[in-house]
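Using the sequences plus the hints, can you model the full thing?
Residue numbers (our numbering), protein chains in the order written: chain D, 5 to 134; chain C, 218 to 766; chain U, -5 to 457.
Bear in mind the hints are in silico, worked out from the structure with no lab data behind them. Because the structure is a prediction, the values reported are computed rather than measured. Here a beta-carbon is modelled for each residue, glycine too, at the ideal position from N, C-alpha and C. It cannot be assumed that every hint is accurate.
Just the calculated beta-carbon pair ranges, DEER-fashion [what the hints assert, rightly or not]:
#1 U:D247 to C:S744: 34 to 42 Å
#2 C:S308 to D:E103: 48 to 56 Å
#3 D:L98 to C:A239: 57 to 65 Å
#4 U:R278 to C:D661: 30 to 38 Å
#5 U:T360 to D:K99: 20 to 28 Å
#6 U:D21 to C:S744: 46 to 54 Å
#7 D:R56 to U:E235: 39 to 47 Å
#8 U:R278 to C:A239: 28 to 36 Å
#9 U:P284 to C:L733: 52 to 60 Å
#10 D:R56 to U:P98: 23 to 31 Å
#11 D:M69 to U:E235: 40 to 48 Å
Okay, derived cross-link-like pairs now, DSS-like style, lysine-lysine, Cα gap no bigger than 25 Å in a straight line [what the hints assert, rightly or not]:
#12 U:K227 to C:K233
#13 D:K43 to U:K159
#14 U:K227 to U:K159
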Amino acid sequence: MTYMPSRRRGELGKIFNDGEVIVQQGDVGEQMFVVQAGKVEVVLESKDTQERVSVLESRDFFGEMALFDKELRSATVRALGEARVLTIDKRTLLKRISEDPLLAYNLLRAMSSRVRDLNNQVSAGRNRTP
Amino acid sequence: MQPASPEVMANTGMPKYRPRQAEKAAPCEAGCASGSDVRTWIGLVAQRDRTGLDREQAYTRAWHTITDANPFPSVLGRICPHPCEFGCNRSENDGAVAINALERFLGDWAIEEGLGLDVVDAEPKPETMGVIGAGPSGLSFAYQMARRGYSVTVYERRPMAGGMLRYGVPDYRLPPEVLSAEIDRISALGVEIRTNTTIGVDISVEDLRSAHDILYLGIGAQQPRMLGIPGEDGPGVFTGTDYLSRVNDGQIVEVGARVIVVGGGNTAVDAARVARRSGAEVALVYRRTRTEMPAIPAEVDEALAEGITLELLTGPVEVLRTDGNVTGLRAQRMRLAEAGPDGRLRPEPEPGAVFEIAADTVIAAVSQQPDWTALDGLDIREGWVATSDFGGMGGAMWAGGDVRGLDIAGSAITHGRRAAENVHAKLRGMPPPESRRSTPIEADRVNFDFKESRPPVHPPHLAVEDALRNPTAEPTATITEEEFLAEIGRCFSCGLCMGCQQCWMYCTAMSFTKVLNPQPGIYYTLSLEECEECGKCIEVCPCGYLEVI
Amino acid sequence: MSGLGQWTLGARRSIRHLAADPSPDSDATLSDGSRVAVIGGGPAGSFFAYFLLRLAHTIDLDISVDIYEPRHFTHCGPAGCNHCGGIVSESLVQMLATEGINLPPSVVQRGIYSYVLHMDAGSVEIESPVEEQRIAAIYRGNGPRTAVDMPWESFDGYLQQICEKEGAQLVHQLVVGLERNGDFPVVITNEGTTTYDLVAVACGVNSNFHMLLDGSTSEGKPEVSRTFITEFKLGADAILETLGDSMHVFLLDIPRLEFAALIPKGDYVTLAMLGEEIDDDLVRRFLDSPEVRAAFPADSIPAVCACAPVINVKGPERPFGERVVLVGDAGITRLYKDGIGAAYRTGKAAAETAIVHGISTDDFETHYFPTCRAIANDNMFGRLIFFFTIAVRKSKFVRKAVLRMTAGEQRRPKGRHMSGVLWNMFTGSAPYRDVFFNALRPGFLLGLAKSLAAGVRPPQKES
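Below you can see the structure in the form of structure tokens.
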């Protein structure tokens, strides 16, 4: 029988090693992810710099923007130490949201708190040359 | 909880858990000295909603269940060392059900309500019973015979009935009016109690023999043993029973400021606490350690709380006197050697370790034996009476209580009841009643998760100062009705169905059918026709009533 | 069985008018201080309590929730068990993660990565569409009878814990009756009675609680069918060698047997069977079949636990009343599969109705009932699909075609029509409706036709 060493009994999702890329900035995204265990970092890549925007932990999700627009992935997400991540299929999720609109409330809440964080960062005067 | 493994079916290898309903002995009942159906009377109250009884009906039936075996619930609810609680399966978890406190509540309730004892067979019988001694054993025998239609006369040399309960147990432990109320109910069945009547003085043994078909000897062990040490004869030295009986009789007994009580049993502790209530400093001297003390541990705790000191591993050597007055006790430090023939650790003197304890009074409460004075006509040799298991001495003579060996009141009551049951069977030509004791169900068969863990009721205690200031005040109160109902709900009905509905609720094969008129223990019939042998019912049964076939 | 429930409940305590609407124009809602009872601490009860409390916190509503569950899911064996195969479907795992509920490794006995379909014509493995473990094999209770000191947690127990974290109170008492005091439901236990503003009945179908809800009410009793579940102790290493991280599904032509699956757990393997009158003989015939023997050497492995739980196949017509709502199996569930998913959907829908809309009959009818009806309608598609599996089971010719098509698909990345249909069907991932319509898609039909045709052609040299 198939047995992949990167899977472990009782651990849902997929395991990523330290530094392994889960989402690559600029790729086409169809899925959302939920961190199951460990930490991941969200990194903005520009020509020759990389800036860590945030660190996500268990129960945090990322890639949710792919649910709402068709733009490319806006940042890279990498495992920070070993991390375990579960993939959420866009179709499954949207279908469920159509039955239960309040499910989107969770996503909106997280996204609004991210917008708030971003505002704070901007108002804290962290200048970034455009 | 793991039920025993079933027979594994050879052809499939599938485990088969077929249930059966099997009543098992409850440890409380097996432990009860007076032989009452503890699980049954608790169940009558605890399961009253399920059997359609209101509170009053449930209390009444519970009380009648107790008094079927023991006519003194209010008394034993106060003084019994309650061996029923020792085996309680809950004791290993969050503490035994406070059966003693429950019994006391029901007993007091019945006195207040004026409940009368049940008659078993009102048909008058031709035979008459003579009972010597109105202690717990004699009264128990008298009660059981009277409720079966026999005429009974009890002869008591003291002015009041009750025996050791009246003259041996201090009033703070057993208020005299409680005892009287429970004795009066026995009298109300037609039992005649002739007090101030000494056999051999007021009435001859011959008269007794000709007046009665059966004689029951319940004279107890009223003769105290002395210490057998120099200086013990003379003023300032009492025996425990003598001291207690005088105080209970209302006499003023001067003991001075410092009292030493020698002994480790209940009489010793009672004597010490009574002396303490007279204002004296009291030391309890005992040859072994606290673990070996035969007294009820809670009583020892209360004695300590009242300021009584323990001189353990201490043996009396000599009562010291100056000008004839007691000045103290010379004592020997002991140590525990290996167990003697009786299985108890044997104390032996530690060489050279002799010391003195100052005292104005020494009370010897080491042991008692039957007092055969004036009973020569009975032609019994001195010492303890030897009887059959049920108290038969041969012919028309029966005996029970401490005259057969020192024991607690509950045992004396059982002696009386067993003798009565056997006498009745013999006189009526019936087979002797069978003893139905079997090995009680153990804690691992009880599903403790069924009830929330909750410690037993803690009856309110009088502050020590108040207890000492009011020598006859009961240090422990009867629990309230609310406490009573909460505590009775802690019982798991070990070994017998309590109608909790779990088996019925979770059996998908519908193997359990509710009976129309449920009684404690009888709530469901079980049919195995559709049984799927999953064993769920066995595992959810809180009582250990369901078991694997 | 007539007249049951009379003596304990008595006329006074009859639930007779539970569903009869005492006040049809009620505008009952939950308000600060409202008390809610949940009867049954399985997934449906816990999901209801969890979402009710979470939504209440969101709108600053202060309510209390008591979950009545007499059993403790820290016990192994039937006493702490909830009798089910123990699969959390792929879609439910994703939804729970989206809700913020990550199933911890102590609860997940094994992450299932693929399905293996066994038929007499051969076996084929269907892998997860994404390369990860997204199906959870769990124990609802604390595992089989002989499991002691196991380092795992019960799924139901875990859900209870998250409810307690949200503020729910767990009451370890058996509910023996439900009555009304005016509009208000009253919960009766062996210890006493308590009046509530709202009661959610989540008693499942493996307790006889519904019998206490008088038969004359519209709640009635769910229609049920029987399954047979047994547990084998194999050990984690041996499981890896034999079954791997795969669920093994058997479509065998054994009379009376509809369907059977072997589900690998931590140290145990769960066998779930569905069929008519499953008895020792049928179990034996199944275990002795060459297909099972090839996958699982059941002879040398002791079965430690067995039960025959009932499963819901059709819910009561109206699973609600004034201030009372039935959730999970007590209300409606998905035919044969993903009962936990149905518990999540109904539990959450009922909770949302109660918080957002109200707790009157009308509120449940308008806002909760559609969820139940959607599940019921989907079950109709489910029945159609099961006719298809029966056809597969009965016809070796079709079986070979299915096998050929699936095996062929597994070797290529795209156009996995049969695999998709089978995957969705066995995992309970998608609604039956989707499975059904996927099966009608041209790609599927064409593929099946080809494979059927391959069956009539003379065997070719290679594969």
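Against the structure, the hints come out as follows:
no.	hint	result
1	U:D247 to C:S744: 34 to 42 Å	35 Å, holds
2	C:S308 to D:E103: 48 to 56 Å	54 Å, holds
3	D:L98 to C:A239: 57 to 65 Å	59 Å, holds
4	U:R278 to C:D661: 30 to 38 Å	34 Å, holds
5	U:T360 to D:K99: 20 to 28 Å	22 Å, holds
6	U:D21 to C:S744: 46 to 54 Å	49 Å, holds
7	D:R56 to U:E235: 39 to 47 Å	43 Å, holds
8	U:R278 to C:A239: 28 to 36 Å	31 Å, holds
9	U:P284 to C:L733: 52 to 60 Å	54 Å, holds
10	D:R56 to U:P98: 23 to 31 Å	27 Å, holds
11	D:M69 to U:E235: 40 to 48 Å	43 Å, holds
12	U:K227 to C:K233	16 Å, holds
13	D:K43 to U:K159	23 Å, holds
14	U:K227 to U:K159	34 Å, violated
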